[in-house]
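Construct all of the structure, not just a fragment, from the sequences and the given hints.
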Amino acid sequence: MDKGREREREMEEEEGDIGRKIKIGVCVMEKKVKCGSEAFSGPMLQILDRLQAFGEFEIVHFGDKVILEDPVERWPICDCLIAFYSSGYPLQKAEAYSALRKPFLVNELEAQHLLHDRRKVYECLERYGIPVPRYALVNREMPYQELDYFVEEEDFVEVHGNRFWKPFVEKPVDGDNHSIMIYYPSSAGGGMKELFRKVGNRSSEFHPEVRRVRREGSYIYEEFMPTGGTDVKVYTVGPEYAHAEARKSPVVDGVVMRNPDGKEVRYPVLLTPTEKQMARDVCIAFQQAVCGFDLLRCEGQSYVCDVNGWSFVKNSYKYYDDAACVLRKMFLDAKAPHLSTTIPPTLPWKVNEPVQPSEGLTRQGSGIIGKFGQSEELRCVIAVIRHGDRTPKQKVKLKVTEEKLLNLMLKYNGGRPRSETKLKSAVQLQDLLDATRILVPRSRPGRESDSEAEDLEHAEKLRQVKAVLEEGGHFSGIYRKVQLKPLRWVKVAKSNGEGEEERPVEALMVLKYGGVLTHAGRKQAEELGRYFRNNIYPGEGTGLLRLHSTYRHDLKIYSSDEGRVQMSAAAFAKGLLDLEGQLTPILVSLVSKDSSMLDGLDNASIEMDEAKTRLHEIITSGVKAVHENGSSEKPWMVDGAGLPSNASELLPELVKLTKKVTEQVRLLARDEDEQLEDTSSYDVIPPYDQAKALGKTNIDVDRIAAGLPCGSEGFLLMYARWRKLERDLYNERKDRFDITQIPDVYDSSKYDLLHNAHLNLEGLDELFRVAQLLADGVIPNEYGINPKQKLKIGSKIARRLLGKILIDLRNTREEAISVAGLKSSQDHESAVSITGQEDGESNFRNEDSRRTSFTGEKSINQEDDDNKETKYRLDPKYANVRTPERHVRTRLYFTSESHIHSLMNVLRYCNLDESLQGEDSLVCDNALERLLRTKELDYMSYIVMRMFENTEVSLEDPQRFRIELTFSRGADLSPLEKDDSGAASLRQEHTLPIMGPERLQEVGSYLTMEKMEKMIRSFAMPAEDFPPPSTPQGFSGYFSKSAAVLERLANLWPFNKHGNTNGK
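Residues 1 to 1064 (the numbering used here) are what the sequence shown spells out, left to right.
Errors might be hidden in some of the hints.
Unchecked claim - Derived pair list, reagent style BS3-like, types lysine-lysine, alpha-carbon separation capped at 30 Å:
(1) Lys393 with Lys424
(2) Lys796 with Lys1014
(3) Lys393 with Lys823
(4) Lys411 with Lys395
(5) Lys397 with Lys424
(6) Lys120 with Lys21
(7) Lys198 with Lys21
(8) Lys792 with Lys935
(9) Lys724 with Lys399
(10) Lys318 with Lys233
(11) Lys399 with Lys485
(12) Lys512 with Lys485
To be verified - Beta-carbon label-pair distances, calculated as ranges:
(13) Asn534 with Gln277: 38 to 44 Å
(14) Gly982 with Arg769: 41 to 47 Å
(15) Glu1010 with Ile606: 33 to 39 Å
Quick caveat, the hints were computed from the structure, so don't treat them as lab data.
For glycine and all other residues, C-beta sits at the position ideal for the given N, C-alpha and C.
In structure tokens, the structure reads:
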């Protein structure tokens, strides 16, 4: 009888349980969740409202008073518990409650202690095989404790012998301390950027003067990962669900991108299968079902650099739907497995989805050579761009026998008497400066001195070396470098008396300096970037930013190894992407160095020497005869085309005017020297600081007002520059002109006319006009005396660049065809992901050839790495974007004059190759004539190739892809040639405007991708000679729009299925 009543009571309890709602306790601080009449914080409110709408759950809010003041025995009893740490939260108290009541925990509590110590986070990640950046720990027991295993040098730190070249990251071990520092290499300008929790519109600040690391605590040092200026935040809801969003990284300019509502702009992106597995592993490793972590994508690999614990996505209704469904299944599996977890066909809540915003992107097939219908879409922009305005490049050569300098050479070449040494770092250059200061005579010998001319010249050169090393604030390899090459050796007895050893007794010192990007160069590059943003892409300026911020713009920027080129690239990126702040962080974040593609003339040095020899013959024998024998119909076909007919008469005039200017500068240098001996003329004007000048785009008014030369150059160095030109241009003893000096004379006169007009050098403007006439003929002919030689030299210098451009165009075409094929073969409902074409990319030629990011002295091994693409693809299911499939590839190559001339020569003369006989040139006759008249491709000159896709013709039709070629001559010299008010204003600002693009094709002509490929293929490095590609992994989303996928989730929380810590 008793047993019967007991069974009845059990059945009643079971029936009551079936009808009873599952209680979900929300045990978090009120600052994270607003209680009572106030609304919850956005995402939490959205998800809990959806859970309640299912009708199976009761939400119980604990509140701060209960959490902080009441004993756990009086806390509400619940079936499932949402509890996570935030500042002031009693985590141990929550653990005691969990042990007492045994609710199902969404996020385990004990494991949350790990998240407060970055060391333990990294240990846990490594234990589970989750990739993390290379790192090392520096543990201090007290502030400023000296550690024998920690070494800091100018451009690296070393921990237990593990070296981290700048840029590197320094993180406090305390996970709640968000003051993270990035230290930059001197080759990129040096300095430090501090990252911090968002304050208003800022998330980081750059400090150019800070170069030493912190010592007041314990830190993690890790390799800086160049991610293309993008961070990825991943949000898990259980191990089988992850949502990823990309945002602008704080390392770029520290300005937070916000939408009109003031919220940070983030866009959902697709995860790779590997990244999905990483998300699952993070979730399981830290036992946190709802967990956010930071992902870095670099060189085709992904790394986890931080784990945050409880995090929800903001402003995504699709995510809120998914999260509510996943949490519902999690709760039901844990506490009511007898209930069906089937998701109803119509979700029980109604959310008014916001109206899709207008993209601000129009279809545009209207290049400057004509319109080809509204069915054209821009697919690719490739630009090769020369650097901006720079100071004249300089070189000092002197033979040295001084023991101090020879010892310095041995110190830095490992003690090898026959090995040369390169000095670039601050420590090395400081050593050289210290030695030079001791060796330079205190005063110059008087005019009556019987010192030998050779000794006098040697002392002058040492004085010049000292002046170069002393200018410009902090040292940096971006501005100057010194080579010491041993010339003579003797054998001396070893110091220990055992045998003999070689010792150098004479060396050649070569100091290269100058060629630094000026304030005008930075301004030009930034303005050109802005011009590209507003004119090269559809959508009138906002279009590119919209494409870029929504991860439909695939941008890569490459630079040669030269400092002026790197800084031009960074300044251009600043204008293109509407960034703010200093250039160093932008340079390190967005620009990749590729010296093998964008530097050097070695491949064509023999042919260029032949061209210069022939050029000398033509000028000295008289140009008129050559021109008379040439073709009047195609004047660019003759040898020495563009040379002035009176070149031989202009040369003596050039020498006379150069001497006139040099003498005036000599007097200014002498006056400065006398002033320096009496008192410092720099008492009022502080020394010029190149580091601070990096971000400036305006002139140094104080120096100009004081009558000093613009920039960092003093009169002594200005005189050394002109004196060298005067000596090298004409050898009086041999009565011989050196025509290779003509470009340098032109360079110097142009620089001084623009930047030092306030010095009123008489005859400078006349010298500029004569030098310009000669240089306009000499410079283009140095790259080939006639079109066939120009083609030969051009293809040798630009071979690798041409190969890379072809790879860019082919990859764009294949990707566009793949997208078009997917769109035609899948209807809207069955298409899981518009960007599924990634799976088909494995047979693309991998595109990013040898690359060195700014990781100090390291370079990436060509065979091992190369071409590992980091791709960000918009997730169409979660993105509030009308055309998620739209995608534009941009490749920007910043280089020097030689590569611009070489590329242009291949484009215009490729049809002269024997294999292409009878083909028309890629460049029309009208443009060929304009190029002949153009002659100089000045600072910021550029060549642009844009690829358009006509979506109305079939995929097999050659007309599907059209190439448009344009170029710009770069800086407009007319302000130096005119004398009106507009020119005076520009000259006052020391800057020149950049000329707009010009056509290289006839209006209405149609250059297909097929024809372009055919014409330049034989001059380009073959794709197979580039390093082998890595196979990109496919991208696909976690969920389709159907609820069936959610239905199939299995083993959502495996460690709760076993070991009954939470009891069902």
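Comparing the hints with the structure gives:
| no. | hint | result |
| --- | --- | --- |
| 1 | Lys393 with Lys424 | holds (17 Å) |
| 2 | Lys796 with Lys1014 | holds (18 Å) |
| 3 | Lys393 with Lys823 | violated (54 Å) |
| 4 | Lys411 with Lys395 | holds (23 Å) |
| 5 | Lys397 with Lys424 | holds (17 Å) |
| 6 | Lys120 with Lys21 | violated (39 Å) |
| 7 | Lys198 with Lys21 | violated (40 Å) |
| 8 | Lys792 with Lys935 | holds (19 Å) |
| 9 | Lys724 with Lys399 | holds (16 Å) |
| 10 | Lys318 with Lys233 | holds (17 Å) |
| 11 | Lys399 with Lys485 | holds (9 Å) |
| 12 | Lys512 with Lys485 | holds (14 Å) |
| 13 | Asn534 with Gln277: 38 to 44 Å | holds (43 Å) |
| 14 | Gly982 with Arg769: 41 to 47 Å | violated (20 Å) |
| 15 | Glu1010 with Ile606: 33 to 39 Å | holds (34 Å) |
Hint compliance for this structure: hints 3, 6, 7 and 14 are broken, all remaining hints hold.
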